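Got two chains here, each in a separate frame; can you build the complex from them with the hints?
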Amino acid sequence: MPPRLRLLPLPRRREIVCQQAVELVTDYLEDALSRADRRRFEAHLAGCPHCTEYLAQMRATIELAGRVTPEDLTPQMQDEFIALYRQWRADERREG
Amino acid sequence: MQEDTDSELLVRLRAGDEQAFVILVRRHHAALLRLASGYVPNLAVAEEVVQDTWLGVLRGLDGFEGRSSVRTWLFRILVNRARTAGLRERRSIAIGDPGRAVDQSRFDAAGAWASPPERWIEDADDRLHAAKLAGRLRSAIDELPERQREVVTLRDVDGLSSEEVCSALAISESNQRVLLHRGRSRLRQVLETEFGRA
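Residue numbers (my numbering), protein chains in the order written: chain Z, 3 to 98; chain S, 303 to 500.
Source of the hints: derived by calculation from the structure; they are not laboratory data. A quick note: this is a predicted structure, and the numbers were derived from the prediction, not measured. One should not assume that every hint holds.
Ranges of calculated distance between the beta carbons of each label pair, as one might list FRET restraints [what the hints assert, rightly or not]:
no., chain 1, residue 1, chain 2, residue 2, range
1, Z, A85, S, G437, 26 to 36 Å
2, Z, E17, S, R316, 25 to 35 Å
3, S, G362, Z, D81, 22 to 32 Å
If you want the footprint, here are the derived chain Z segments under chain S, 3+ residues with CB under 8 Å [what the hints assert, rightly or not]:
no., stretch
4, 35-41
5, 59-65
Where is the CB? At the ideal position from N, CA and C, for every residue including glycine.
Bound-form chain S, shown alone (with noise of 0.2 Å):
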């Protein structure tokens, strides 16, 4: 049997239907959460901006022109209220570092590697390994400066298109791309000093 679609749950959802809404949550709670849970210090309170959001959505119901999917319009609404949170819970954003791709010091004076990429992606076939790679990347991403692992969840984790993204996040197609940039960069580093051999 084929699922509906998003927006047409919304359709069924403004005519009153609760299945629908367990169908919409079930469909997208895992990545609001896992997008929420970087922002709060503990899941009780990502838990809680998941929620918050959900109402947010059945409030703005007949608010919604469907100019954007219906996706990028959950994750606005939760980017709005983790952000909000997370400045209660921490009183502190982390602001992206202008930082390179590579540290400068791994080049020589010409710009050639000096010090290469040590390899690790052959064991990344390895199933095992891969776990072990993917759990290790889970808490880089939490790591990562806020508008970096916005991106960087929405993109590489989840999924969504750059113009998704940058409507979700309400930012430009280039800065999008810097983010991006820095995100997986540090991301890639991390892998590579915790896996790489020379």
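Pulled out of the complex, with its shape left as it was, chain Z reads as follows (with noise of 0.2 Å):
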């Protein structure tokens, strides 16, 4: 009984569809998949030019994310910084 089994297709074999691949993009590039899924991964890319144009899109996201550019310190907060310090100071000699 247990021979007949093996005919039903196995999970972890197929092939996975573009739905999963965007699931994985993550993962795939935070080298975080197993061989076998990364392998999955990479042949489902290799068919799929909308989930490869997915995968450059996933990577130009987090580069242009590293364009963004914070607010400098003006000197006027630099001034108050350097105040709070004094303060610290201060409040550290008295008690100390």
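This is the structure we're talking about:
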């Protein structure tokens, strides 16, 4: 009786579909996929231009996020920080 | 002239060197302010949180044992304070949604793309356009649920490693990846919606 079960498709060996691929992108980029999953993911990409584009867009999104620039410290704020430091030193001396 | 590392500056700071403090603040202020901004309603409150963080740094100087990087330590202090301040200001935290990377409706019954990703990357090559994309991305990051925003800001904007982020936020590697995945997926979707063309 058990041999018949082998005829059923084994889920672990099945090819992945697009909807699954998009959920694996971060694990793929973070190098957190098992070797088997990585192979399946890459096999899917090789045959799917849409998911290839999707992966490229995720990479571009990350790259663009790295270009988001913060406000620099204004001279006025720097003075406030120096005042903060001096206040702390003065308190320290009084307590210590 | 080569600048001192954070650890070297900390040694100088412990010895009472005011200039070391100024260099440290200048180096990390922007990243701290940006992260703080996501928790609180306006810049003024964010600046208070950052000041409060530096005061926490000074007070905690003797307790810092160097088991994590200085930067990780700074972010950990900031996150704790910003969360408290955010609660006070907003009285509610956005909880991460269990959403999918891409809306279900865009796939057919077999799970293949029915409405494939619209193209927009090519526009990012153009400098003017890239600035527009980055600007839109910035507000999209601010609109992410809190946990996702923390992870995406630290990893992708500030460039911390996954280890540093896990340590700063006290979360596991797998949680960090889930939050990163949801956050990045959401950002990609925003860019596609605004700039994509089929």
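8 Å C-beta test of the stretch 59-65 of chain Z against chain S, three or more residues: With 6 residues closer than 8 Å to chain S, the stretch 59-65 of chain Z meets the three-residue bar; holds.
Do three or more residues from the stretch 35-41 of chain Z put their C-beta atoms closer than 8 Å to C-beta atoms of chain S? violated (count 0)
At the C-beta level, are A85(Z) and G437(S) separated by a distance inside 26 to 36 Å? With a Cβ separation near 33 Å, A85(Z) and G437(S) satisfy 26 to 36 Å, so the hint holds.
Within 25 to 35 Å or not, the Cβ separation of E17(Z) and R316(S)? violated, 59 Å
Does the beta carbon distance between G362(S) and D81(Z) stay inside 22 to 32 Å, or does it fall outside? Between G362(S) and D81(Z), where Cβ atoms are some 23 Å apart, the hint holds.
In this structure, the hints that do not hold are numbers 2 and 4, in rising order.
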